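Let the sequences and hints guide you as you build the complete structure.
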Amino acid sequence: MFKPLFDTVQVAGNIAYRHDYTNHDDVKEGNLYLIWRWTKFPWNHYLKNSIAIGDGISYDSHPPFADREADKPVDDFSRL
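Numbered by numbering that gives the first Met the number 0, the letters in the sequence shown go through residues 0 to 79 in order.
All the pointers check out, no bait thrown in.
Label-pair distances were calculated between CB atoms; the ranges are: (1) F40 with P62: 36 to 44 Å; (2) T21 with I52: 29 to 37 Å; (3) P62 with V10: 25 to 33 Å; (4) D6 with P62: 34 to 42 Å; (5) T38 with H18: 32 to 40 Å; (6) A11 with P62: 18 to 26 Å; (7) W37 with P62: 28 to 36 Å; (8) I14 with H44: 37 to 45 Å; (9) S57 with R36: 15 to 23 Å; (10) H18 with K47: 35 to 43 Å.
None of these hints come from the bench; they were simulated from the model.
Just so you know, these numbers come straight off a predicted model, no measurement behind them.
Beta carbons are placed, not taken as given, at the ideal position from N, Cα and C, and that holds for glycine.
Encoded structure:
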């Protein structure tokens, strides 16, 4: 009688290291998130597709140079 709204749950994550040669800014970042995916559409025998929504957490070693405001100091406690 009741069908699940999402038929797939995925766990994903990324780790990255960015180096800006112009401003000599090294940023380490990572994130971990859950993805809920729905793949059962009535038109799947014509066109296979899916729709997904995700949510998670991320961490940066510090804000990238391009995202910093010139008059604000880097806050070591606001990394989320």
